[in-house]
Amino acid sequence: MKKVLSFFLIVFIAVFFYSCKKNKIKTIPKPKKQETKIEKVQEEVPKLKVEKLSEEEIFNKKSIEELNKEQVLKIVFFDFDKANIRDDMIPVIEENADWLKKHPTVKILIEGHCDERGTVEYNLALGEKRAKAVKEYLISSGVSPGIITIISYGKSKPLDPAHNEAAWSKNRRAELKIIEK
Amino acid sequence: MKKHMIIIFLIFICLIFFWQSKLFSQRVGITIEKGVAAISVATPKPIFKTKKDIAIKTGNYIYGVFKDDLRFSLVFSLVPEGFTSYIRPLNPKQIFFKDWESIGAKILVVTEVNEDTDDNIIYSITVYDVKTSKMIFGKKYRGKIKSGRLIAHKAADEMMINFGEKPVFSSKIVFVSSRDGNKEIYMMDYDGNNQTRLTKNRYIDILPAISPDKKKIAYTSYRSGKPDLYIQYLYEGILKKISTGGVNYGAKWSCDGKYLVYTSSKSGNAEIYIADSNGSNSQKVTFSRWVDSSPDLSPSNNEIALTSDRTGSPQIYVINRDGTNIRRITFEGTYNDSPAWSPDGENLLFVSRIEGRFDIYKYNFRAQTYSKLTNRGRNENPSWSPDGRHIVFSSTINGTPQIYIMDYKGTRRIRLTYKGKNTMPYWSK
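Listed in order, the protein sequences are those of chains P and S. Going by the working numbering, the first sequence opens with residue 1, and the numbers climb by one from there. Going by the working numbering, the second sequence opens with residue 1001, and the numbers climb by one from there.
Looking at chain S on its own, in the form it has when it is part of the complex (with noise of 0.2 Å):
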């Protein structure tokens, strides 16, 4: 008995010991979080073999803009430059492998620049998963250092695919800019770069959305004096009017670019349709007599989130393909509007007015948790990156409407844009 006293004794002594101790008074800098952790790939800088002075800065180019897009990825980080000193340097002919998982790579990146006739190079990339020594793939792109962004954001896409990602980095995003004056319809890469003009005209041009095969878009413009849909091959340079009858508008593809779902009141009413890719063979999805409007198609295509004012405001709703089992998504505030579909079908972005401000709300289908992602600023039209890992959204965050970029979860927030006001982002799925 005596015995087992002294014990707890000794153990309490040391809890108060340990309580004291800075083991248990620090905050450990951990956050534990849902998914996978970031692949860890180690980019050691391109192996020349040219002296050409232009094959270099071309290759070194490149090389920088694949590394910032494997940052940008959150599939992906790097191992920091400075441990490659601790190790061998690479030779492609013998690589020791366990160097590199020293310095906590899982995958190589052997990256081989040679020169080729005018000015072209040749960037190739080996990739190598080092724990079983293995090659996964290989990749040589031949181009020019104007094209340098593309072979960056192209070989930096097949990281993804091979990874089970959808490619991100050669995406393009549209939106509407008043720099020239007009209302006209913008690209630009995922990263803000090569912003170009795709129309020019002096009519109202909005809300415009690219097709997941980059080569056309769908918008809505005013050039006959009614909001109507057109849909402009961007390669062809040919333009379709898609709608007839009432007020037309807020086209949006389907992930897999078959379908398009638009607001249309040729019935007399905003109802919601949907149509084949060249806007033929639509087909009405709702018959109510308030207003249907906002659809966006699910990734399965099977459900339509729409917003709809029957409750007296508008509100988010989802809807089967065929216009059976509406539910309603949101409850809260008397005005939600712009419903996004993720990717993976599980979330759905929103923008929410609450007493004259406008932010980005996220709901979760499985959770039925609704989280807010922007707080400062007027927030609208946000649309998903093609694999879910960021939102391209606009808001006045720094004064005038310009597009932004963050990531799920609301954070790291990236400007893309700067000359005029800028608008109606959409990225192409």
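Isolated chain P, as found in the complex (with noise of 0.2 Å):
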């Protein structure tokens, strides 16, 4: 049984030089050239959730010049060397009626302008006669008068300055200004 143990301890021993023999010979391997890694980043964006703003809250957060910017009362245009209210400018006033009747604390100027065809002294009178068709239009859609300012620039205010057709129905207009909400 001792012989046995001993030969096994024997061939362990062995094997156990052998192998320490066999590791001290391995050669380490060269290390592998790395590339560097593109590692692409990307924020993630949230997603904005859009809330239409009521347009009593759209009123009450914009300033006089923004909702003057955004036009919230439309441009009535006219007809050349005319002053009343065109048919298909009904609805566009109708509307800046009911806008005006929904914000009874909003104030207004009515702009008349004209095409350059007029002179300038004509075309200051035919500006204000504008604005004043506009003005009586929306008080007998039951805006009150006192909220509203007329006033004419003549042709010295034009939209587009070009001069042509195209141009000048663009500058025959009253345009509707918040002056005060």
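No lab work stands behind these hints, which were simulated from the structure alone. Take these hints with a grain of salt, some might be off.
To be verified - Listed next, the stretches of chain S that the computed footprint assigns to chain P, with coverage defined by at least 3 CB atoms under 8 Å from CB atoms of chain P:
#: 1; region: 1246-1256
#: 2; region: 1290-1296
#: 3; region: 1304-1314
Claimed, not checked - Mimicking EDC-like on lysine to aspartate or glutamate, the simulated pairs with C-alpha atoms at most 20 Å apart in a straight line are:
#: 4; chain 1: S; residue 1: Lys-1266; chain 2: P; residue 2: Glu-136
#: 5; chain 1: P; residue 1: Lys-101; chain 2: P; residue 2: Glu-56
#: 6; chain 1: S; residue 1: Lys-1421; chain 2: P; residue 2: Asp-160
Just so you know, even glycine gets a beta-carbon here, dropped at the ideal spot from N, CA and C.
Build the complex: two chains, separate frames, hints provided.
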């Protein structure tokens, strides 16, 4: 038994030594060339949850300048040499009147403008006539007269400075500007 | 009987002969016009009683401008300079008036230049009636070269006054120019010299009118947010607002400078108002529910020309100053505006738009006739010279709107401005 044990021991030791020797011979592998990986970075944008403001909220949040810039009150256009309200402009004025009735604290300035095909002085008169025509229509639609003032710019502030019918038709207008809210 | 036949035959032959000859076929270049012929003036070269270079230069400069003024006047015509070589040279101590008469001069202007202290000169003119050999008047001016133009204009105006005319050459024209970016008011001499800026702000300033004494301008400005009327006292630097409610514009002075007329909508509708020269004591002239605008007082201050659209389109009317007796002046066309009353009260200028073209027309009250004074470009805002012989207006005849003057017949057009867009001229009365 002892002989068997010692045999195994010897074998074991032999194997042990052998394995140790082999380990020493083993060459260290050359390190592989490592490539730097490009990391894709992308910040995730949280989705904006748009909630439509109610008309009331828009009105309360925005400044007078912003309201005018967005033209909450629509421009009324006129025919050449005329100051009467065109049929196609009646819905525009009525829309403006509804908006004004919804916001009774608002005060407005109606600016009358003309195209360049008129004299300086009569254009001032015509611009005022146009502003007045819009004012009267608003009043007849139930807007309080006290909130409206009118002014004429004649031909001095064209929307489009070109000299053609497309420009002229844009320039013959009355602009409704909020001056107080 | 036979004798008679022969005579008639001879006359007939003679007539045929004359008919064939140049005497009948030639067109003679004489046009006869109404009015008095220009007074022929001899303006011999100045007599220099100085050897100072600057004095000679100044004297010659004034003399040149003086002659330009007389040439422009339509009152005087200059005897050609070359004619003086046919006669004895001018000796101011002993003038040979027969010589001057022989070269067609009715008036002789003797000019003397003396030196004075500090680059000043004394420029003197002595004006003689050639036929009677008598002195009409004399004037002396002291100044430097930089006031040379003014001296010349004053001397030429003295000529006008002494021949029963209104002074023109020291008058001023105010106008609106965009040359510096914003629409501002400028002033210049009648000949386009001395263009001077009068306002500097970021507002819209339009329709200027200079008072007859040339010391103040009335104009329309948006500085308060709406068009209002202001008087600017040019030499005191004071600006005074003279209008209150509504839209106010287009003030013009009366010829004597006592009144202002303008358009105001303070009653709710565009109406004509008349006020004192400082803007106070304003009175309403028109009471209609239509537009009444563009007023201009007659030289007598009794009537006002205006534009009204009471018939549906803007037309020219004349109304008594108290608002009575309105009568229509223009019947042609669908767009007439900018009436301007001539200083003699006999003519009314206005602008008519026909098929998109703007031209200046003249209405004669006595003959009840209309004449067209401009033909090309867009012509607007006519204003009379103080003597009614010339008209200033804006025209796009060369592209951009510029200020021009022409004579009362619409001829002899002269351009006065070049920089930027120049519009709305008004000539001091």
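Practice item. May I ask which of the numbered hints given earlier this structure violates, with the numbers listed in increasing order? Key: none
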